[in-house]
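Chemist: Listed below, chain by chain, are the residues.
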Amino acid sequence: MPDLIEKNVPAQGAAGSAEPKPEKPRSLGLDAWHDLRKRPVFIISAALIVLLVAFAIAPSLFTSVDPRAGDLQHHYLTKPNYLHFFQADWFGYDGQGRSIYARMIYGARASVVVGICVTAGVTVLGGLAGMAAGYYGGWVDTVISRVTDMFFGIPLLLGALVVLNAFTTRTVWSVVFALVALGWTQMTRVMRGSVITVKQSDFVTAARALGAGTGRIMFKHILPNAIAPVIVVATIALGGYIATEATLSFLGIGLQDPTISWGIDINSAQKVIRTAPFALFFPAGMLSVTVLAFIMLGDAVRDALDPKLR
Amino acid sequence: MTTAPEKTTAGQDRLVPGTPLLEVRDLHVEFKTRDGVAKAVNGVNYSVAAGETLAVLGESGSGKSVTAQTIMGILDMPPGRVTAGEILFRGQDMLKMSNEERRKIRGRKIAMIFQDALSSLNPVLSVGYQLGEMFRVHEGASRKEAKAKAIELMDRVRIPAAAQRVNDYPHQFSGGMRQRIMIAMALALEPDLIIADEPTTALDVTVQAQVMDLLAELQAEYHMGLILITHDLGVVADVADKIAVMYAGRIVETAPVHDLYARPAHPYTKGLLRSIPRLDQKGEELYAIKGLPPNLYKVPAGCAFNPRCDVATDLCRTEIPALHQVTDRDGAELAGRKSACHLWKETLHG
Amino acid sequence: MAEPILEVRDLVKHYPLTQGVLFKKQVGAVKAVDGVSFTLAKGETLGIVGESGCGKSTLAKVLMNLERATAGQVLYKGEDISRLSGAALKAVRRNIQMVFQDPYTSLNPRMTVGDIIGEPFEIHPEVAPKGDRRKAVQDLLDVVGLNPEYINRYPHQFSGGQRQRIGIARGLALKPEIIICDEPVSALDVSVQAQVINLLEQLQGEFELSYMFIAHDLSIVRHISDRVGVMYLGRMVEIGTDAEIYEHATHPYTQALLSAVPVPDPTGREGRERIILSGDIPSPANPPSGCRFRTRCWKAEERCATEVPLLAAPTLLTGDARHDSACHFAAEREVAAA
Chain F
1 MPDLIEKNVP AQGAAGSAEP KPEKPRSLGL DAWHDLRKRP VFIISAALIV
51 LLVAFAIAPS LFTSVDPRAG DLQHHYLTKP NYLHFFQADW FGYDGQGRSI
101 YARMIYGARA SVVVGICVTA GVTVLGGLAG MAAGYYGGWV DTVISRVTDM
151 FFGIPLLLGA LVVLNAFTTR TVWSVVFALV ALGWTQMTRV MRGSVITVKQ
201 SDFVTAARAL GAGTGRIMFK HILPNAIAPV IVVATIALGG YIATEATLSF
251 LGIGLQDPTI SWGIDINSAQ KVIRTAPFAL FFPAGMLSVT VLAFIMLGDA
301 VRDALDPKLR
Chain E
1 MTTAPEKTTA GQDRLVPGTP LLEVRDLHVE FKTRDGVAKA VNGVNYSVAA
51 GETLAVLGES GSGKSVTAQT IMGILDMPPG RVTAGEILFR GQDMLKMSNE
101 ERRKIRGRKI AMIFQDALSS LNPVLSVGYQ LGEMFRVHEG ASRKEAKAKA
151 IELMDRVRIP AAAQRVNDYP HQFSGGMRQR IMIAMALALE PDLIIADEPT
201 TALDVTVQAQ VMDLLAELQA EYHMGLILIT HDLGVVADVA DKIAVMYAGR
251 IVETAPVHDL YARPAHPYTK GLLRSIPRLD QKGEELYAIK GLPPNLYKVP
301 AGCAFNPRCD VATDLCRTEI PALHQVTDRD GAELAGRKSA CHLWKETLHG
Chain Y
1 MAEPILEVRD LVKHYPLTQG VLFKKQVGAV KAVDGVSFTL AKGETLGIVG
51 ESGCGKSTLA KVLMNLERAT AGQVLYKGED ISRLSGAALK AVRRNIQMVF
101 QDPYTSLNPR MTVGDIIGEP FEIHPEVAPK GDRRKAVQDL LDVVGLNPEY
151 INRYPHQFSG GQRQRIGIAR GLALKPEIII CDEPVSALDV SVQAQVINLL
201 EQLQGEFELS YMFIAHDLSI VRHISDRVGV MYLGRMVEIG TDAEIYEHAT
251 HPYTQALLSA VPVPDPTGRE GRERIILSGD IPSPANPPSG CRFRTRCWKA
301 EERCATEVPL LAAPTLLTGD ARHDSACHFA AEREVAAA
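Chains F, E and Y supply the protein sequences, listed in that same order.
All residue numbers for the first sequence refer to our numbering, where the first residue is 1 and numbers rise by one.
All residue numbers for the second sequence refer to our numbering, where the first residue is 1 and numbers rise by one.
All residue numbers for the third sequence refer to our numbering, where the first residue is 1 and numbers rise by one.
Note that these hints are calculated values from the structure, not bench results.
Please note that the accuracy of each hint is not assured.
Unchecked claim - Computed cross-link-like contacts, BS3-like style, restricted to lysine-lysine with a CA-CA straight-line distance of at most 27 angstroms:
1. Y:Lys175 to F:Lys220
2. Y:Lys90 to F:Lys199
3. E:Lys32 to F:Lys38
Unchecked claim - Here are the computed distance ranges between Cβ atoms for each label pair:
4. Y:Gly28 to F:Leu157: 56 to 62 angstroms
5. F:Val272 to E:Arg81: 57 to 63 angstroms
6. F:Thr171 to E:Pro79: 48 to 54 angstroms
7. E:Glu190 to Y:Thr241: 46 to 52 angstroms
8. F:Pro155 to Y:Val127: 44 to 50 angstroms
Keep in mind it's a predicted model, so treat the numbers as computed, not measured.
Don't be surprised by glycine CBs; every beta carbon is placed ideally from N, CA and C.
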């Protein structure tokens with residue numbers, strides 16, 4: 001009996017002496033987490049992402065080969081040897097005689113750093129702008145909304161091409177800068193809409209009636225209730241930013257050579273696609289799987305946070 | 001009540017008052033959610049005849065709306081599931097019919113009126129179009145005929161200047177007028193039975209009175225059966241012939257309307273009647289039914305009402321009471337009166 | 001009568017209607033509250049009834065200073081609080097609190113019950129020293145009839161009635177003198193409504209509270225109120241003691257409202273004469289001239305269209321019928337006979 005799920009526990013303390021033990025407090029976040037843990041989509045995508053982050057943090061754990069060491073004489077476009085697990089020639093060698101497997105592992109770092117930093121940047125910057133616009137309304141909202149509209153007119157890729165052209169040497173950080181500068185408006189829109197909805201809730205009115213200040217209302221009442229859609233959009237967008245970085249690198253305007261990026265490898269592999277399709281397949285496949293993992297994660301998180309289900 | 005029901009059946013000889021229309025037998029419905037299985041309806045029996053108004057009275061979680069949705073065949077399945085029971089419409093079990101057969105009954109034979117008229121109407125189509133659609137779909141009427149019929153219907157539910165307003169959109173009407181349009185829609189195909197789920201809850205009292213009067217007048221005119229689902233004891237008293245009181249998915253008491261208010265035979269009904277303040281007198285402290293509305297995931301053993309009941313005994317905590325026929329002190333059966341309480345005699349006579 | 005703790009004078013709240021996107025031009029105003037005056041005595045319950053759109057909820061918001069009054073005064077112990085801001089306003093908030101209609105949206109779903117009820121103490125730290133807060137919150141839970149052990153639970157773990165108790169506990173935390181209840185039971189189940197009403201009455205005695213009780217349910221308002229004000233389209237049309245309003249109403253709108261209430265007593269239904277009003281409430285953006293009720297009134301004459309009736313006791317009437325009523329033809333009428 002006591003194990004049965006119970007939503008409403010008998011009312012007053014005075015109601016009876018044989019009252020069941022009060023159930024454990026369950027926050028909405030905790031509920032979502034319990035729900036998430038049961039979803040196969042979440043488990044698969046989370047496992048992939050953990051693996052990817054491990055590649056990025058400690059690539060030397062997965063391969064001892066130097067990804068930059070090319071040996072044209074011995075390894076020019078050598079075909080993969082699929083039985084040599086975790087070895088330099090597992091996925092073959094590229095047009096400069098470098099191990100494709102090693103480059104695949106090392107390439108994760110640029111992607112993960114760009115993805116996470118850009119997402120963090122746009123979420124903080126765009127989130128704050130969106131909160132200001134949604135909370136204050138009036139001319140603040142008008143100004144911020146017009147600015148976001150202007151940014152929406154600029155295609156992300158084209159804008160990034162222009163911004164990155166201004167840099168003579170391009171590192172991971174210049175790519176992050178360009179994508180944050182152009183991408184923050186997406187989060188502004190999501191956050192603004194979400195804040196406007198939450199702002200009208202009775203509990204916000206109740207806090208105002210108690211005399212709560214702007215800071216308390218914004219960060220204690222509105223933000224925790226408005227953040228869910230932003231988290232979902234950010235997770236899905238993270239995959240998109242990784243793809244954008246690869247695209248820019250592919251076009252030769254993103255990362256530059258000593259940095260290892262799947263985009264650069266895809267670019268160099270396309271020239272030899274007829275003779276060595278494997279050189280293209282592994283970096284491209286890795287990129288697709290990564291992007292997919294983040295989109296799947298975003299989907300799972302959205303389902304878990306969806307208030308309609310509870 | 002402004003007009004007494006007239007018994008003239010001029011042109012409307014389809015329905016003879018008193019003909020049995022719908023009978024719900026031992027209906028069980030449950031919902032599977034991630035919190036467990038919610039037993040929303042646990043063996044409901046009721047019937048309604050032509051010209052009769054049955055009020056189903058209950059609070060949230062009593063299963064009154066789920067029963068109605070099951071009758072209409074608009075329950076979301078899953079998560080909903082009918083686990084047992086029959087719904088007989090003119091003797092045929094609707095639960096055994098094909099989707100096609102049920103669709104033919106829906107709207108044409110049984111129509112429903114919802115609480116929220118604004119969200120039940122399509123905001124981008126004119127009211128006249130939505131009313132006329134019924135005739136075009138079901139009777140193959142032309143656009144012009146449909147519009148003429150729409151105006152006629154709007155007239156019939158007493159919408160002023162119907163011919164001018166037929167092309168207006170739902171948001172251009174007030175709440176009371178929108179509810180009239182919903183009623184017109186339900187009436188369109190002259191159904192045998194109308195199920196009204198909290199039809200006046202969203203309306204103001206003065207408008208509420210207008211809408212309830214309209215329903216009563218139309219019923220007197222067409223002799224349709226009416227199931228009125230509500231939580232409002234006042235609305236029920238004004239229009240119903242007989243009442244079924246529901247609690248935690250079961251019917252706990254049925255009675256003709258006068259008897260129920262005068263001498264309830266179930267402690268829940270009795271408690272409800274005592275707990276509402278009266279308009280015509282200023283009372284002392286209100287009687288309050290203790291505890292909380294039932295939790296459908298964990299319906300108490302025995303009588304579901306026992307944790308909140310003042311007179312519950314050990315029997316009530318172990319054995320589910322059957323719906324007993326209620327008798328007077330001399331043992332003579334009281335017509336239409338039943339109570340699902342082990343102590344109905346004490347409740348009624350004590 | 002006891003000294004007034006709250007006095008409202010000619011309170012007006014208009015919401016401007018604007019046109020244009022960039023250069024906004026005012027083209028009119030929704031006259032939500034349009035010249036309302038009344039007093040609230042210490043320890044008294046004043047009920048405010050009216051249909052949707054009559055301005056009763058706007059009135060509550062203006063009294064709570066959640067919306068700025070367009071004109072008029074709200075005097076709390078003689079001081080006009082309708083223009084206050086900053087620290088002065090915060091100080092006044094300690095004395096006037098509110099209970100909301102919807103127990104599902106008025107509690108922050110991300111905060112525990114302890115945090116919700118404890119928040120008033122965080123905002124006004126002078127009320128309870130830091131170390132005593134947990135105890136203070138548990139005491140409040142006990143006062144409103146909830147188990148003090150529930151302090152760490154979240155709102156969604158409670159039923160509607162229990163949540164409303166939490167909302168009441170939050171309103172009580174600062175030990176206010178006035179509580180404005182905006183439809184506090186209309187979202188609750190019938191069997192739970194009585195519990196909450198009894199709780200409110202019990203707390204009033206215990207803490208010497210003055211209530212302003214806003215509701216559309218006339219029966220509940222009669223039960224809890226000492227005096228009742230009836231609003232229609234932004235104006236107060238009649239105000240008096242519960243007996244004066246319910247048994248000796250002189251304004252046609254009050255009479256219609258009372259006659260329309262469904263009484264849970266079928267034996268009464270044949271004997272009762274009902275006034276069924278025709279038409280709908282006019283738009284508050286464009287109210288009728290003169291008496292606002294005249295478009296739906298059966299007594300309306302030419303005078304009603306030109307002359308605004310004042311809220312005053314008709315000199316011709318006697319006894320309980322002689323109370324403030326804003327009608328040129330105020331007269332009693334036998335309604336709602338038991």
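Chemist: Each hint should be assessed against the structure and marked as holding or not.
Modeler: Here's how the hints hold up against the structure:
no. : hint                                     : in the structure
1   : Y:Lys175 to F:Lys220                     : holds (23 angstroms)
2   : Y:Lys90 to F:Lys199                      : holds (20 angstroms)
3   : E:Lys32 to F:Lys38                       : holds (17 angstroms)
4   : Y:Gly28 to F:Leu157: 56 to 62 angstroms  : violated (48 angstroms)
5   : F:Val272 to E:Arg81: 57 to 63 angstroms  : holds (60 angstroms)
6   : F:Thr171 to E:Pro79: 48 to 54 angstroms  : holds (53 angstroms)
7   : E:Glu190 to Y:Thr241: 46 to 52 angstroms : holds (51 angstroms)
8   : F:Pro155 to Y:Val127: 44 to 50 angstroms : violated (56 angstroms)
In this structure, the hints that do not hold are numbers 4 and 8, in rising order.
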